[in-house]
Structures are given as C-alpha cells and as structure tokens.
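S.K.: Given next are the chains, with one letter for each unit.
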Amino acid sequence: MASKRLIIEANGTTYTLEFTRRTVEQMERQGFVIRDMGKSPMTSLPTLFRGAFLAHHRTVQRDVIDEIFAALPDKDGLFDKLAEMYVEPIEALMADPEEDKGNVKWEANW
Amino acid sequence: MGGELVNRLPVSEGETAKADSPLHYPKFHEVEGYYIALGMTYEQFWDGDATMVRAYRKAHEIKKDLDNERAWLQGMYIYEALCDVSPLFNMNSKRGTKAHPYRTSPYEFKKPVVTVEDETNEQKEQMNKMLEKMNVFARLHNKKFAERGGEKNG
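Chains W and S are the protein sequences, given in the same order.
If you're matching positions, the first sequence starts at 1 in our numbering and goes up one per residue.
If you're matching positions, the second sequence starts at 111 in our numbering and goes up one per residue.
Here chain S stands alone, though its shape is the one from the complex:
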C-alpha cells in the first residue's frame, strides 16, 4: 500500500545509481513533499515520531475510499435526476409532459437501531411461537396415538 505509493514517486535522474547508495537521507528528501501533501507538517516528518508516516498513509487510503464513496453517491443522485427529467427529452412525448419530481429528501442511510432489549424480546416472542407450535403438534400427535390405540384396543 504505502510502500507502493512511495515507490511510485517520481524517479529522478541517476536513481539507479542512488539505489545502491548506503545513504538513506536522500530518500527522505524525495518523499518529504509527498508526506507534507498528505497533511504532515515539516516538523512531524523530520523531528516527530518516525512511525507517524504509516498513520498518514493509512489515513490517506481511508480518505480515498471515502471520496470514492462520495463520488459514487453523487453519481447516484445525478443518475436519478436524469431519469426524472428524461420524459422531457423524449422526442415522442406528448405536449405538456412533465418531469418526475426530484426526490424531496436524501437517501436514508441510518439503519433502525435495535437495542439489546428489543432483540431479546423478539427472540422470546419467536421462542414462544415455536413452543406453541410444538404444543399443538404434540397434542395432535397424542390425540392420533390415543385414537389408534383406542381402535386397536376396541
């Protein structure tokens, strides 16, 4: 992930010769701008916790995913809006054709909150229903059994 990003940074001339160099600080200068672009301060990069760069790379990945999701959502709205106005662009539509009204509220993403109590109540209800069914089944079975027994005995 991050390593790839770092490796994908622009390669300067003489890079192949540098690759064999035992010195690391030229690499620091190469990637410094990249991390500052990710939001690190100059001091954080040079004097701060050396592992902070990992968190910034991870955050960058998350931001990219969020941006992607946002763009996808925007695409959904645009698509829906186009569908709504599409009757107006139909050459064969009758005079006076109106566009479908655009949605009045955004998509609902919140899931209904199920509390633990609700869940247990629901489970209890299901259990009671099952028990009831089993009782009915047992009663019918017993009845049939008794009838057959009665027939044989009679």
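So that you can see chain W by itself, here it is in the shape it has in the complex:
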C-alpha cells in the first residue's frame, strides 16, 4: 500500500502533501514534536501543514502555504489526516498489522 497523501488544489495548482522520513527528521530538528500537538494546536497545525509541503513542494513560499491553509475548510478533519500522515513513516518501521487470524468475525446491529 502506498503512503498516505493529501492532494490540494489551490489557485490552479495541484499540491501533493506527504511526509517522508527526511521531512519528519527535518521537522523534528526544527523543534516539532508530534506528542505536543495537543498542547498548542493553534501553532502546531499550521507547522504540520507547512511540513507536509517539504516532500514535494519545498520551494513554495511560506505565505502561499499559509494562505492555502487559511482557505481550507474542516480544520479538524485536516488535523486528523495530517497527523496520520506524519506518523506513517514512523509506524511503517514498527510491526506489521496483524493478519486475519481465522474465521472469526463480529458485527454490531446498531
């Protein structure tokens, strides 16, 4: 399965947002700590958003990114997706997801 990406179209340009191990390292070296995101979401979310541009759009100016960010709806949803994307390069190094252990299923009726 390919890594998680976010495609954004703004001002006639398509941006592919993704995190790689290099961009995660770069962000951490600049002081970004994913664990602390909950403490200061107002500053962390734009930082995370900017970081997602590093992999494929390194040269895009900060004010352009901030402008795109400001115009985006559903910031909560965006936050969740960006956080998922950010942890992916880390999680991929951990144990693989458990495979189906057998013919056992469960289902809820509500």
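Mixed in with the good hints, there may be bad ones.
Claimed, not checked - BS3-like mimics (lysine-lysine), calculated; alpha carbons at most 25 Å apart, straight line:
id	chain 1	residue 1	chain 2	residue 2
1	S	174	S	220
2	S	234	S	221
3	W	4	S	137
4	W	75	W	39
5	W	4	S	168
6	S	137	W	81
7	S	253	S	239
8	S	173	S	221
9	W	81	W	4
I should point out that these hints are in silico values taken from the structure, not numbers from a laboratory.
Note that the structure is predicted; figures quoted are calculated from it, not measured.
Please arrange chain S on chain W, whose structure you already have, making use of the hints.
M.R.: Below, chain S without anything else, positioned relative to chain W:
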C-alpha cells in the same frame, strides 16, 4: 515479523533514555543501514514512499524462506550422493564394489498440467462409469424382483 527485526537491531548505549525521547529521527538513523542491507537505496529510505519498508521486510522474509528451501534441497542431493557412495566406505564390502551411480537428472518438481478440458473429460468418464454401474445394479434388482414376484404369483 518486521517489527521484531527492527527491535532486534543492535541497541546503542543510552538506549533506555532514548526510548522516552519524543523524537523519532534518531531511530531512522539506527535502522537505515538495516534497510539498505535489505536492498533499499538511501533515497528510497529517506525520500521515497514511507511504506516501502514494509515491502522490503516482506521480501526479506520470502527470500529467507527460499534460501532455506534451497539449502534443504542441496542437503537432499548431498545425502543422496553420500548414500550412493556409501558402499565404498563399508569396511566389509568385497573387492571391486562400486558406488551406485549418482542420479542423472535433478528432481522433477513440475506437476503434470491438468487442463480444465482434461478435468471435465475425466469427470464425464467417472460419471459414465457410475451410471453404468447403477444401470447394472438396477437391472439385477429388477430381475430379482421380477423373479420373486413370479414365484409368488406362480
């Protein structure tokens, strides 16, 4: 699987202190060499699709299994060769004893290919045989029934 492999990597000094660190990039540097040894390029590891490492781990597992199978097969050939020459090493063997000749061709692994058509033909044949048997059985049964009926009626 892969997680274990990653966890089994050499632990550097101060690892316990690092375990509590909120930073992840030192871990990347720790495992980088491992993935390059698995065949990833430096660029793939750092700039490529982040999930690629999973495929490399999976491929590594498959390669290990294949290598294991190959080693086992080689062992089979060696074992067979030893058995073939074993008469020569028997202290009690007569003069002029020769070794068994080593196999002239490798083991055959290919299974005979059965096409769908062959399979259906085979099934049809089996069905016909069964029908034939049933017909014979029915005829015998009817005959017996008729004889008994005839006896009673007669």
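S.K.: All hints, please: hold or fail.
M.R.: Consistency of the hints with the structure:
1. S/174 - S/220: holds, 22 Å
2. S/234 - S/221: With Cα atoms ~23 Å apart, residue 234 of chain S and residue 221 of chain S stay inside 25 Å; holds.
3. W/4 - S/137: OK: residue 4 of chain W and residue 137 of chain S at ~21 Å, within 25 Å.
4. W/75 - W/39: Satisfied, since the Cα-Cα distance of roughly 16 Å is no more than 25 Å.
5. W/4 - S/168: With a Cα-Cα distance of about 20 Å, the restraint between residue 4 of chain W and residue 168 of chain S holds, given a limit of 25 Å.
6. S/137 - W/81: Holds, at about 23 Å.
7. S/253 - S/239: holds, 21 Å
8. S/173 - S/221: Holds - the C-alpha atoms of residue 221 of chain S and residue 173 of chain S are around 23 Å apart, at most 25 Å.
9. W/81 - W/4: holds, 9 Å
This entry satisfies every hint, going by the numbered hints stated previously.
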